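Enquirer: All chains should be modelled from the sequences, with the hints used to inform the complete structure.
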Amino acid sequence: QQQVKQSPQSLIVQKGGISIINCAYENTAFDYFPWYQQFPGKGPALLIAIRPDVSEKKEGRFTISFNKSAKQFSLHIMDSQPGDSATYFCAASIGRGSNYKLTFGKGTLLTVNP
Amino acid sequence: DTAVSQTPKYLVTQMGNDKSIKCEQNLGHDTMYWYKQDSKKFLKIMFSYNNKELIINETVPNRFSPKSPDKAHLNLHINSLELGDSAVYFCASSQVSPQYFGPGTRLLVL
Chain A
1 QQQVKQSPQS
11 LIVQKGGISI
21 INCAYENTAF
31 DYFPWYQQFP
41 GKGPALLIAI
51 RPDVSEKKEG
61 RFTISFNKSA
71 KQFSLHIMDS
81 QPGDSATYFC
91 AASIGRGSNY
101 KLTFGKGTLL
111 TVNP
Chain B
1 DTAVSQTPKY
11 LVTQMGNDKS
21 IKCEQNLGHD
31 TMYWYKQDSK
41 KFLKIMFSYN
51 NKELIINETV
61 PNRFSPKSPD
71 KAHLNLHINS
81 LELGDSAVYF
91 CASSQVSPQY
101 FGPGTRLLVL
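Note that the protein sequences, when read in sequence, are chains A and B.
Note that my numbering gives residue 82 to position 82 of the first sequence, counting from 1, and the numbers run on in steps of one.
Note that my numbering gives residue 107 to position 107 of the second sequence, counting from 1, and the numbers run on in steps of one.
Any given hint could be a false lead.
In silico DSSO-like cross-links for lysine-lysine, where the CA-CA straight-line distance does not exceed 27 Å [claimed, not checked]:
no. : chain 1 : residue 1 : chain 2 : residue 2
1   : A       : 5         : B       : 36
2   : A       : 101       : B       : 9
3   : B       : 41        : A       : 106
Distance windows between CB atoms, simulated [as the list claims (entries may be wrong)]:
no. : chain 1 : residue 1 : chain 2 : residue 2 : range
4   : B       : 83        : A       : 69        : 42 to 52 Å
5   : A       : 51        : B       : 12        : 23 to 33 Å
6   : B       : 10        : A       : 55        : 35 to 45 Å
7   : B       : 79        : A       : 55        : 45 to 55 Å
8   : B       : 57        : A       : 18        : 14 to 24 Å
9   : A       : 57        : B       : 44        : 23 to 33 Å
10  : A       : 57        : B       : 28        : 23 to 33 Å
11  : B       : 7         : A       : 71        : 39 to 49 Å
12  : B       : 82        : A       : 3         : 40 to 50 Å
13  : A       : 52        : B       : 108       : 37 to 47 Å
14  : A       : 58        : B       : 106       : 29 to 39 Å
Quick caveat, the hints were computed from the structure, so don't treat them as lab data.
Since the structure is predicted, the reported quantities are computational estimates derived from the model, not experimental observations.
Cβ atoms here follow ideal geometry from the backbone N, Cα and C, with glycine treated the same way.
Expert: In structure tokens, the structure reads:
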């Protein structure tokens with residue numbers, strides 16, 4: 001049972017365009033929703049994260065939109081750049097204690113064409 | 001400077017061998033993790049340790065044994081390696097949240 005479903009699997013966007021990646025979750029106990037960015041040969045790096053008490057969080061060109069009733073959240077990358085080309089993972093977790101674990105989506109390979 | 005480091009970066013070995021991967025973090029975090037990323041890039045947690053105590057064990061075969069000599073180190077020992085163990089293994093650490101990942105160890109079992 002996949003607890004966090006991510007789409008699309010791959011995405012091609014032109015430079016300057018908007019990239020949108022969507023995730024849906026099943027477990028209503030999840031209370032922390034981070035997005036990770038992974039470049040080839042590197043480890044995942046935290047990009048931006050949100051908690052369910054807010055509907056949107058923006059950091060620079062990256063925005064998370066969160067819909068608690070629909071159990072969905074999405075990443076928007078404005079003015080996409082070739083340097084944004086990477087694999088993006090949404091994730092969800094419960095709690096903040098020592099036993100909190102991340103459940104990841106299957107990833108989206110983003111390619112931004114120049 | 002490196003926050004979470006892993007050695008080795010690459011590991012190529014024969015089926016049936018035993019190998020270890022080492023992880024160290026200099027962030028002062030109490031919790032460390034091992035994740036496995038398969039060939040389709042799916043990331044799944046294997047273990048977590050908090051201050052040297054095993055917290056999460058995600059039904060990983062007992063050929064995999066994590067060892068935490070202190071809270072800054074979490075090593076992964078794998079016995080009797082199988083072809084299906086080929087993957088990239090990531091160490092991570094956290095103090096509450098978020099989790100910080102290491103650069104990964106690419107394991108290839110022949």
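Enquirer: Now tell me if each hint is right for this structure.
Expert: Here is how each hint holds up against the structure:
1. A:5 with B:36: Between residue 5 of chain A and residue 36 of chain B the Cα gap is close to 18 Å, so the pair holds against 27 Å.
2. A:101 with B:9: Distance ~24 Å between residue 101 of chain A and residue 9 of chain B Cα, so the pair holds.
3. B:41 with A:106: This hinted pair holds, its Cα atoms lying about 7 Å apart.
4. B:83 with A:69: 42 to 52 Å: Cβ of residue 83 of chain B to Cβ of residue 69 of chain A: about 45 Å, so the range 42 to 52 Å holds.
5. A:51 with B:12: 23 to 33 Å: violated (42 Å)
6. B:10 with A:55: 35 to 45 Å: holds (43 Å)
7. B:79 with A:55: 45 to 55 Å: With a Cβ separation near 48 Å, residue 79 of chain B and residue 55 of chain A satisfy 45 to 55 Å, so the hint holds.
8. B:57 with A:18: 14 to 24 Å: This hint is violated: roughly 41 Å between Cβ atoms.
9. A:57 with B:44: 23 to 33 Å: holds (26 Å)
10. A:57 with B:28: 23 to 33 Å: holds (26 Å)
11. B:7 with A:71: 39 to 49 Å: Holds: the Cβ-Cβ distance is about 40 Å, inside 39 to 49 Å.
12. B:82 with A:3: 40 to 50 Å: violated (27 Å)
13. A:52 with B:108: 37 to 47 Å: About 40 Å separates the Cβ atoms of residue 52 of chain A and residue 108 of chain B, which means 37 to 47 Å holds.
14. A:58 with B:106: 29 to 39 Å: Holds: the Cβ-Cβ distance is about 35 Å, inside 29 to 39 Å.
When each numbered hint is compared with the structure, violations occur for hints 5, 8, 12.
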